[in-house]
Amino acid sequence: MARPEGGSMRVKIKFNLVDEPGQLLKALRPIAEFGGNVREISHLREEKRGNMLPVAVTFDVKDLDQLFRIRDAVEATGIQVASIEPLMEFHRKVVIMVGHVFATNIKDTIDRVLERGVMVRRLVARIKSAEDVSTVKIVLEADSSEKLESTLRVLKKVAVEKNLFIAWS
Amino acid sequence: MNLILIGFGNVGRALTYILWEKGDRLKGLKLNINVTGIFKSDGGFIDHNGLKLGEILEKGKQHQSWVPEASPLSYIAELPCDVVIEMTPTNVKNGEPGVSFIRKALEEGKDVVTSNKGPLVVSMKELLSLADKKGCFFFYEATVGAAIPIFTVAREFLKHDRILCIEGILNGTTNYILSRMSEDKVSFDDALREAQEMGYAEADPTYDVEGIDAACKLVILANGLMNMNKHLSDVEIEGISRVTPEMIELAEEEGYLVKHIAYLDEEKMEVAPRLVPKNSPLTVGGTFNVITINTELSGSLTFIGKGAGPRETASAILADVITIANKRGGIKSG
Ligand SMILES: NC(=O)c1ccc[n+]([C@@H]2O[C@H](COP(=O)([O-])OP(=O)(O)OC[C@H]3O[C@@H](n4cnc5c(N)ncnc54)[C@H](OP(=O)(O)O)[C@@H]3O)[C@@H](O)[C@H]2O)c1
Numbered sequence: 001m002a003r004p005e006g007g008s009m010r011v012k013i014k015f016n017l018v019d020e021p022g023q024l025l026k027a028l029r030p031i032a033e034f035g036g037n038v039r040e041i042s043h044l045r046e047e048k049r050g051n052m053l054p055v056a057v058t059f060d061v062k063d064l065d066q067l068f069r070i071r072d073a074v075e076a077t078g079i080q081v082a083s084i085e086p087l088m089e090f091h092r093k094v095v096i097m098v099g100h101v102f103a104t105n106i107k108d109t110i111d112r113v114l115e116r117g118v119m120v121r122r123l124v125a126r127i128k129s130a131e132d133v134s135t136v137k138i139v140l141e142a143d144s145s146e147k148l149e150s151t152l153r154v155l156k157k158v159a160v161e162k163n164l165f166i167a168w169s
Numbered sequence: 001m002n003l004i005l006i007g008f009g010n011v012g013r014a015l016t017y018i019l020w021e022k023g024d025r026l027k028g029l030k031l032n033i034n035v036t037g038i039f040k041s042d043g044g045f046i047d048h049n050g051l052k053l054g055e056i057l058e059k060g061k062q063h064q065s066w067v068p069e070a071s072p073l074s075y076i077a078e079l080p081c082d083v084v085i086e087m088t089p090t091n092v093k094n095g096e097p098g099v100s101f102i103r104k105a106l107e108e109g110k111d112v113v114t115s116n117k118g119p120l121v122v123s124m125k126e127l128l129s130l131a132d133k134k135g136c137f138f139f140y141e142a143t144v145g146a147a148i149p150i151f152t153v154a155r156e157f158l159k160h161d162r163i164l165c166i167e168g169i170l171n172g173t174t175n176y177i178l179s180r181m182s183e184d185k186v187s188f189d190d191a192l193r194e195a196q197e198m199g200y201a202e203a204d205p206t207y208d209v210e211g212i213d214a215a216c217k218l219v220i221l222a223n224g225l226m227n228m229n230k231h232l233s234d235v236e237i238e239g240i241s242r243v244t245p246e247m248i249e250l251a252e253e254e255g256y257l258v259k260h261i262a263y264l265d266e267e268k269m270e271v272a273p274r275l276v277p278k279n280s281p282l283t284v285g286g287t288f289n290v291i292t293i294n295t296e297l298s299g300s301l302t303f304i305g306k307g308a309g310p311r312e313t314a315s316a317i318l319a320d321v322i323t324i325a326n327k328r329g330g331i332k333s334g
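Residue numbers (our numbering), protein chains in the order written: chain A, 1 to 169; chain B, 1 to 334.
Bear in mind the hints are in silico, worked out from the structure with no lab data behind them.
Misleading hints may appear alongside valid ones.
Stretches of chain A that chain B covers, calculated by requiring three or more beta carbons in the stretch to come under 8 Å of a beta carbon on chain B [stated by the list, open to error]:
hint, segment
1, 57-71
2, 93-99
3, 135-148
A short list of chain A residues far from chain B (calculated; beta carbon distances all over 10 Å) [said to hold, decoys possible]:
hint, residue
4, 9
5, 44
6, 53
7, 115
Cβ atoms here follow ideal geometry from the backbone N, Cα and C, with glycine treated the same way.
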């Protein structure tokens with residue numbers, strides 16, 4: 001199943017693990033092996049039945065193919081997959097800005113472009129000196145690509161206003 | 001088939017050379033090509049019976065066929081001629097002198113082939129409808145991506161289909177600069193200087209570096225492939241002169257390359273530095289050009305090739321001439 005460039009989905013998968021050391025690692029290994037990106041792990045102690053401990057792992061995959069490959073690989077280790085729950089589809093856009101990004105108030109720039117449902121996942125800056133231009137990367141995530149496109153449209157306007165040079169994915 | 005060549009610079013000479021050197025190959029295609037006029041800015045080589053191309057390449061203006069001050073405008077009607085080939089310098093302000101030459105040729109009922117973007121950026125619709133009215137062919141394959149046969153493919157193979165969007169790298173100089181910056185960590189200024197030394201970039205590289213050349217080509221693609229009526233002012237343009245090594249580095253950490261991408265769909269025309277996934281077919285290096293067209297039925301098709309160069313450009317011109325010869329049922333006398 002093809003998805004638009006930069007698209008991705010987040011899923012929560014619940015395993016029933018035998019409550020003994022090494023089990024969790026066994027379940028996580030196929031996720032990493034097939035390129036899943038783990039975000040959160042929670043042990044559902046209150047749902048424990050006998051020696052079986054349910055564990056919920058939240059991770060990102062590119063598409064359903066990747067998800068099914070991971071599920072099959074987990075099951076092949078003998079671990080039982082109790083449920084798979086799609087959390088959300090999310091989209092990512094990387095924007096890199098060059099200019100006096102800080103002197104022109106980066107907080108204002110970001111506040112103005114972010115709308116509901118869009119968040120800054122990561123911000124990386126390369127600064128040489130106060131006089132020099134800096135280069136700043138922001139990784140945006142959103143639950144729809146339309147929101148990212150409209151964020152970009154606003155950002156392009158702000159960039160013109162603040163004389164920032166941008167490139168985007 | 002009689003030809004008149006207007007312009008005897010890099011491309012005009014390369015075409016003359018190919019016609020001379022590959023004469024036998026062309027005869028094998030049952031194509032008997034005769035050049036009756038070759039024009040420069042200050043005169044022309046003229047022979048009603050066909051010029052001796054080898055001698056002209058060797059002797060230049062010393063050749064006996066040279067007529068000082070001869071202008072194509074007065075010779076197009078007079079000389080035996082089926083196809084006029086227009087290869088004068090690009091002028092995107094008013095399209096001249098190309099527009100006048102092409103208009104004159106079409107009014108005289110001659111088929112026209114050009115490598116010159118100027119007349120198309122300024123007056124494409126007018127010239128195409130004049131060609132239509134006169135029952136002439138007007139081909140311009142060489143103007144975008146040199147020998148990449150994008151217009152021919154669309155014309156001959158995608159009649160049943162609809163092009164939804166086009167994206168690509170349409171300028172070899174900027175692609176060379178960005179590739180050098182990314183692959184070899186060369187600074188923008190050094191990469192530009194190199195491009196100039198190697199003859200890729202003009203002494204005044206503004207048109208390339210600021211994205212105007214790519215925008216002109218995007219206009220020709222829009223009008224030629226998507227039946228639009230666009231002008232240079234319709235394109236949002238951002239150049240690459242502000243790309244920093246840090247920008248390239250930060251992009252690479254996310255799996256992207258910085259590329260100067262021209263993009264076109266029904267709503268938007270844009271030339272700008274973009275972050276392109278490393279495994280995308282758009283990440284060609286060096287001076288290469290690439291064009292991807294996304295169509296309704298054929299999906300996505302990508303073409304890669306040398307985007308410039310006298311020989312490649314002349315080759316595209318010759319391909320257009322051969323197409324015309326075929327469509328005209330071989331040889332039409334002048
Ligand atoms: N070079 C490439 O790789 C390339 C690739 C794609 C497209 N193109 C396009 O192809 C065209 C030709 O390029 P080029 O590199 O061959 O340019 P060029 O070397 O500058 O040659 C231009 C030729 O046009 C002649 N000319 C100028 N004004 C004229 C006039 N009023 N009447 C008659 N002839 C005139 C010049 O005459 P003089 O000899 O007297 O100066 C010269 O021979 C340009 O539009 C260019 O953008 C070039």
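Structure-based check of each hint:
Check result for the segment 57-71 of chain A against chain B: violated, 0 residues qualifying (beta carbon to beta carbon below 8 Å, three or more required). Residues of the segment 93-99 of chain A lying with their CB closer than 8 Å to a CB of chain B number 4, which satisfies the three-residue condition for coverage. Counting residues of the segment 135-148 of chain A whose CB falls under 8 Å from any CB of chain B gives 3; the rule of at least 3 is met. The beta carbon of residue 9 of chain A is kept farther than 10 Å from every beta carbon of chain B, the shortest such distance being approximately 18 Å.
For residue 44 of chain A, the shortest C-beta to C-beta distance to chain B comes to about 34 Å, beyond the 10 Å cut-off, and the non-interface label holds. Every beta carbon of chain B lies more than 10 Å from that of residue 53 of chain A, the smallest distance being close to 37 Å; the non-interface claim holds. Distance check on residue 115 of chain A: its Cβ is at least 20 Å (rounded) from any Cβ of chain B, clearing the 10 Å threshold; non-interface status holds.
This entry does not satisfy hint 1, going by the numbered hints stated previously; all others are met.
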